[in-house]
Amino acid sequence: MRRIRSNKHQGLVSSRRDFLKLITTAGAGLTLAMNLPLAMAAESTAAAGVDFEPNAFVRIGTDGRVTVLMKHLEMGQGTFTGLATLVAEELDADWSALVAEGAPADASRYNNLLFGTVQGTGGSTAMANSFMQMRTAGATARAMLVAAAAQRWKVPASEIQVSQGILSHSASGKSAGFGELAELAAQQPVPDVQSLRLKDPADFAYIGRSLPRLDRGKTDGSALFTQDVQLEGMLTALVAHPPRFGASVKHYDAAKALASPGVVDVVQIPSGIAVLGHDFWSAKKGRDLLSIDWDESVAFTGSSADMLHKYRTLADQPGAVARADGDAVTALASATTVVEAVFEVPYLAHAAMEPMNAVALVNAAGCEIWNGEQFQTVDQSAVATVLGLKPEQVKINMLLAGGSFGRRANPHSDYVIEAVLIANARQGTPVKLVWTREDDTRAGYYRPMYVHKVRAGLDASGNPVAWEQRIVGQSIGTGTAFEAFIVKDGIDSTSVEGASNLPYQIPNLQVELHSVDNPVPVQWWRSVGHTHTAFSTEIIVDELARAAKQDPVDFRLKLLSQHPRHHAVLKMAAEKANWGAALPAGWGRGVAVHESFNSFVAQVAEVSVQENGSFKVERVVCAVDCGLAINPDIIRTQIEGGIGFGLSAALLSEITLKDGRVAQSNFHDFQVLRINQMPAIEVHIMPSAEAPTGVGEPGTPPIAPAVANALSAATGQRFQRLPLKLNS
Amino acid sequence: MPVTIQVNGVSHALDATPDTPLLWAIRDHVRLTGTKFGCGMAMCGACTVHVDGQPTRSCVTPISAVQGKAITTIEGIESAVAQAIQQAWTELEVPQCGYCQSGQIMSATALLEKNRQPSDADIDAAMAGNICRCATYVRIRSAIKQAAEQLA
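From first to last, the protein sequence lines stand for chains A and B.
Under the working numbering, the letters of the first sequence match residues 572 to 1299, in that order.
Under the working numbering, the letters of the second sequence match residues 991 to 1142, in that order.
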């Protein structure tokens, strides 16, 4: 083994090529260098000849390679492939020539068009905000390549054909690849956007096809995640965090840690005590040897049980009004039948397979970060503030993320700031912050715990006439830079989304919110508010159908006549699932339909209940309308995965607090779905010419209520709590 | 006193304490990073390697326990079974984020090396120790079956 001791690289890493050099000089870095997934191959071609870079998103090398710069994080959702498809479509590129490369942090070029001035990935917006932008980028490049060919061949541009990366002129028999024309294309004027003609959907060659994914290297270990970054002289840091939220270090003794083999330094930062070692295990052993006296005088000492009690009390009282149609209170009082339920959902950790981590290098020139970067300009600005730098002095390299489910888009930049503060204490030395699974489970930023109280009423004919819903839980948006966008008139839209826009035709409908102030850190978690609003609303709708003695699908379809896209996916899912057909003894079938992030999803779940009181989700049939389907197979993978992710919460996962301490620590007590619990899944995609919307999140919300409704059908029991448990 | 381990046919004398988990020896000392850290307590399977052909959670296996044994990582698998698995994984587009997939492939390869016609129950038993938070399980099951068919 070779330990890198020289530290000749004192300057800020100035380009990805320098990064490549660093990696190749770091021991067995050759393996990494040969397999860097994002950009290295393209970088090597960039060195020779002149690239054609018509805009911020496309670079065509003289070898014909087409590099698409990705403003969105690839965390498994297929965004690299989806965005490249848009470029390749309008460019008429050869798909095998496409390469994805992470774009730098630069909101002037790479902001999310649905996030105002912020560059970041979230809310299932990558495709929706990029659809026209990336197509236009491809069309611009194509027009310039055509202009170059017309100039070289002295023929009218209108006579030039482009197909599969080849430009040709049939009358003269001339043809050339993109690479041959790249240099000349770079000299052409950039066409006015108004002059570009995007393809008619009837002519799409790539959109709508399941092209192979571009984020390769995931079957041979070569894909590079933050955890895999190795820089010359790099140290690994582990942090001892406080045992309770709000606690701080009173005193610590690092003597034993510093004496431990491989430990280099111990540094105090605001979030705890960092131990730096030559490798993970040295740092871990050093951390275990720290002696820390915590000041817990202002720490949070609450317990989930007490919080639930408080939430339930609040749910009995009127809250801030998020929606008011008609007069729900009066209508409830005169309803023939009223169903009422109080729902509870716990805190949840994101538990991405790659625990949080980040690599940072700070020196006189600034700061450079390597991260599965989901919130570029938020992190850039936060880091600049804590280090006293200008944002442009903070360079961010976006690596692949080993999952995120929202966690890496932290509005407080928590773990990124932790990494740069440690690196700042060791200027000139790259530092990799690694959280263990226990750190990741206990350090917070959870999906908030919520209580919903719902009362809904039917008239004598079985028509719903009233709905009153009170939601109690922490606000995700309050206290963040997004507060002005998310929180209006005391209503955090992410607390009520999915309930405040309930699609069912109910004349008297009131939705209220109590935003509770707790010091437990909370954050968006795949599908955000819809994780709990779909659960409560779709169970109550089933209970109303039962009270009205109507079939749950027919009951919903009648109430959705003004919402054709909900109506259509529900009908499709029911038909594909053979709704109403006989099931084996002990089985039940349940349905849910929910819109989130402008996509519409209906799911039919089939469960089997065993004699011993256990149950299994056997099969899920899903219909999804996400507008124009860019890559049908990626849509199916996201819906399959969204269902699996939702099933973890529906069946297994729960973060609880006892006296302010998080009770769970790792996958033995924060359980998640395993292969033996995964149902068979069918995904049906609604044909659509509407603009594309997201699929990363919308598969998740309907599964918990669909399973709960199936269990009710099988057992007659009611379900009001996650994770779901049968009464014995 | 250096500990020597043999990874993918190459011997490495490590400047590491004997209690160092094989995972960190592979990642931080040998510097092969395809084997992933997920939990550190053999609960998720992301760190799975083969030790003398047996699927092993490297995060809880000290290097002192594997001296003289043949360790194979995702970078070193090359049997017909491994290639069939990797090919099926690619054809069926199994990986999403990909972080757990090295471990999934190591477990799946070990399964097919022993059992060329695994049932659903066999697959569940062999793969239930490998968590995938992207829940690619439907495709993992299909890919194992496809690889088995190709090898038949």
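Incorrect hints may appear among the rest.
Stated by the list, open to error - FRET-style restraints, in silico, Cβ to Cβ:
1) A:Pro-962 - B:Thr-994: 43 to 53 Å
2) A:Leu-829 - B:Ala-1003: 54 to 64 Å
3) A:Asn-1149 - B:Ala-1115: 48 to 58 Å
4) A:Asp-1230 - B:Val-1000: 23 to 33 Å
5) B:Glu-1068 - A:Phe-775: 57 to 67 Å
6) B:Gln-1057 - A:Pro-832: 11 to 21 Å
7) B:Arg-1106 - A:Glu-963: 52 to 62 Å
As the list claims (entries may be wrong) - Simulated coverage check for chain A against chain B, where a stretch passes if three residues somewhere in it have a Cβ under 8 Å from a Cβ of chain B:
8) 795-805
9) 863-873
10) 986-993
11) 1072-1083
12) 1182-1191
13) 1238-1248
To be verified - Footprint (simulated), chain A over chain B, 3 or more residues, beta carbon under 8 Å:
14) 1038-1050
15) 1056-1069
16) 1073-1080
17) 1097-1108
I should point out that these hints are in silico values taken from the structure, not numbers from a laboratory.
Bear in mind the structure is a predicted one, so any value in this text is a computation, not a measurement.
Note that beta-carbon positions come from the ideal geometry of N, C-alpha and C, so glycine has one too.
Review point. So which of the earlier hints does this model not fit?
Key: 2, 3, 4, 5, 9, 10, 11, 12, 14 and 17
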